[in-house]
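2 protein chains.
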Amino acid sequence: MKQIESIKEFGGWLNRFEHESTSCNCTMTFSVYLPPKAATEKVPVVYWLSGLTCTDENVRTKAGAQRYASELGIALVMPDTSPRGDAVADKPDRYDLGKGAGFYVNATQLPWAAHYQMYDYITRELPVLIEAELPVIPGLKSITGHSMGGHGALICALKEEGAYRSVSAFAPICHPSVCGWGEGCFTAYLGEDREAWKSYDATELVKSGVGTLPMLIDHGTADEFLADQLYPKDLQAVCEARGLPLTLRMQEGYDHSYHFIATFIGEHLAYHAKALSE
Amino acid sequence: MKQIESIKEFGGWLNRFEHESTSCNCTMTFSVYLPPKAATEKVPVVYWLSGLTCTDENVRTKAGAQRYASELGIALVMPDTSPRGDAVADKPDRYDLGKGAGFYVNATQLPWAAHYQMYDYITRELPVLIEAELPVIPGLKSITGHSMGGHGALICALKEEGAYRSVSAFAPICHPSVCGWGEGCFTAYLGEDREAWKSYDATELVKSGVGTLPMLIDHGTADEFLADQLYPKDLQAVCEARGLPLTLRMQEGYDHSYHFIATFIGEHLAYHAKALSE
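Quick mapping for you: the protein sequence lines, in order, are chains A and B. Under UniProt numbering, think of the first position of the first sequence as 1, with each following residue one higher. Under UniProt numbering, think of the first position of the second sequence as 1, with each following residue one higher.
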């Protein structure tokens with residue numbers, strides 16, 4: 001991998017890398033914040049998965065997460081949200097399909113399957129690369145994200161038993177099979193058969209008995225997408241039915257923006273830091 | 001003034017307003033963060049002046065300042081950097097002249113003088129409006145800013161004796177009369193006579209005996225504009241000659257970006273909160 005940027009922040013370094021991804025079959029870009037502690041010893045990692053339209057740049061610019069990562073001594077890995085490049089299939093007229101909308105699944109349908117293998121990229125390829133190249137403790141990782149990336153964090157943690165110490169999400173798409181964003185991407189990437197969607201849907205995974213990790217989820221009550229896209233009550237119902245611990249916090253008056261994320265990212269990172277230190 | 005946006009953040013509210021400015025003779029937009037404390041009592045204000053190319057949106061998105069303002073119980077006022085609108089003179093091919101580059105002066109030259117009256121806007125019109133319309137303590141204010149806005153903060157505090165309780169700046173243009181950015185804007189807005197520039201130049205103001213407020217200034221040693229545009233040593237020399245207290249901190253390895261600002265904004269806001277509480 002090739003370092004293409006390095007910016008000092010909160011005593012640590014915000015670095016940006018490019019590499020040739022074997023999963024996505026294209027050049028991928030990601031950012032990593034290394035806290036001051038990483039200069040002298042290996043640190044745990046929190047993966048942040050971003051939402052629709054984002055690249056690695058949104059969270060590093062808007063969330064205020066680096067301050068907490070610096071204080072807590074954890075690295076933050078911030079991947080892109082889809083494969084990129086001229087050879088990659090896209091729907092340029094759609095913000096919620098194609099580039100910027102990888103939905104963290106392994107596509108099985110043409111033309112998407114050639115590059116849209118974001119699930120393998122996030123859960124397999126990227127951690128191997130990070131652990132080989134950067135001062136992080138192998139295997140000691142947690143995951144979080146926002147909206148489409150909140151969905152991504154939940155399915156990664158549910159499906160990859162033992163891989164993550166903790167999981168949380170901001171305004172995640174909790175039941176993608178029944179919302180417009182999810183139906184659009186799942187139909188394109190996975191095909192018309194809704195059975196195939198279930199293995200990438202947090203609510204359906206929990207319902208079918210997959211996953212044991214407790215979940216911390218924040219939603220804003222003024223989130224403009226809450227009613228039509230996010231469906232936290234569906235996830236809550238299946239968690240209650242199974243007895244899977246879910247801390248679902250409805251934050252009064254907050255919307256879907258990075259201002260909401262910035263407000264609670266400190267609590268989420270502290271939650272992960274605690275899990276990563278136990 | 002008309003409220004055009006309101007977003008909950010850190011328990012308070014990030015609001016955006018439009019109003020017809022008499023100083024700038026156009027519609028101006030600004031943002032205000034009101035901390036939770038402002039819901040029940042009036043609070044002090046810190047004015048933030050942004051740098052070249054910015055609007056009110058950059059700092060509210062990138063600096064992470066609202067968290068500290070929330071904790072410290074201070075309002076943040078974030079104005080635009082120039083007059084705006086189709087009727088306003090501009091140099092669209094220049095990022096450092098015209099819209100986005102008002103330089104916080106009152107222009108005397110055509111065509112700029114018709115709208116570019118940012119000094120009066122920041123020091124006179126805007127505080128009157130804020131104090132009339134929002135839950136802030138009249139007259140209790142401090143000022144800070146970045147780059148061109150750091151220059152703006154310094155000249156406002158130096159020239160308006162007694163108006164501000166404290167002043168600080170991030171990577172300010174300390175001696176605009178001798179750097180490219182300053183020479184370009186001063187020539188356009190104030191004319192060829194360099195004597196006229198001195199009243200908007202922090203180094204020249206201090207040299208001529210103007211101002212008594214101590215200054216807190218941070219520069220990054222890796223700032224790509226440090227050598228050619230910022231000239232902190234010039235300001236330091238005249239402050240030392242006059243015995244005017246200047247805390248000039250050269251922060252090792254930091255650049256000119258909002259990542260640098262984010263790292264130290266907490267210390268600056270704490271500095272202002274202390275001065276505003278005394």
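Don't take each hint at face value.
One copy or two, it doesn't matter: identical chains are merged, so the pair holds either way.
List of simulated lysine-lysine pairs, DSSO-like, C-alpha gap at most 27 angstroms [said to hold, decoys possible]:
1. 207 with 8
2. 274 with 37
3. 198 with 37
4. 233 with 91
5. 274 with 42
6. 233 with 8
These aren't lab readings, by the way, just hints derived from the structure by calculation.
Check residue 233 against residue 91 for me: Cα-Cα at most 27 angstroms, and say if that holds within a copy, between copies, both or neither.
neither (31 angstroms within a copy, 53 angstroms between copies)
Is it within, between, both or neither when you check residue 274 against residue 42 at 27 angstroms Cα-Cα?
within (16 angstroms within a copy, 38 angstroms between copies)
When no copy is specified for residue 198 and residue 37, does a C-alpha distance of 27 angstroms or less occur within a copy, between copies, both, or neither?
neither (40 angstroms within a copy, 46 angstroms between copies)
Check residue 233 against residue 8 for me: Cα-Cα at most 27 angstroms, and say if that holds within a copy, between copies, both or neither.
Between copies only: 23 angstroms across chains, 41 angstroms inside a chain, cut-off 27 angstroms.
Within a copy, between copies, both or neither: which one fits residue 274 and residue 37 at a CA-CA cutoff of 27 angstroms?
within (16 angstroms within a copy, 30 angstroms between copies)
Up to 27 angstroms between alpha-carbons, please classify residue 207 paired with residue 8: within, between, both or neither.
neither (44 angstroms within a copy, 34 angstroms between copies)
The structure does not agree with the numbered hints 1, 3, 4 stated previously, though it agrees with the rest.
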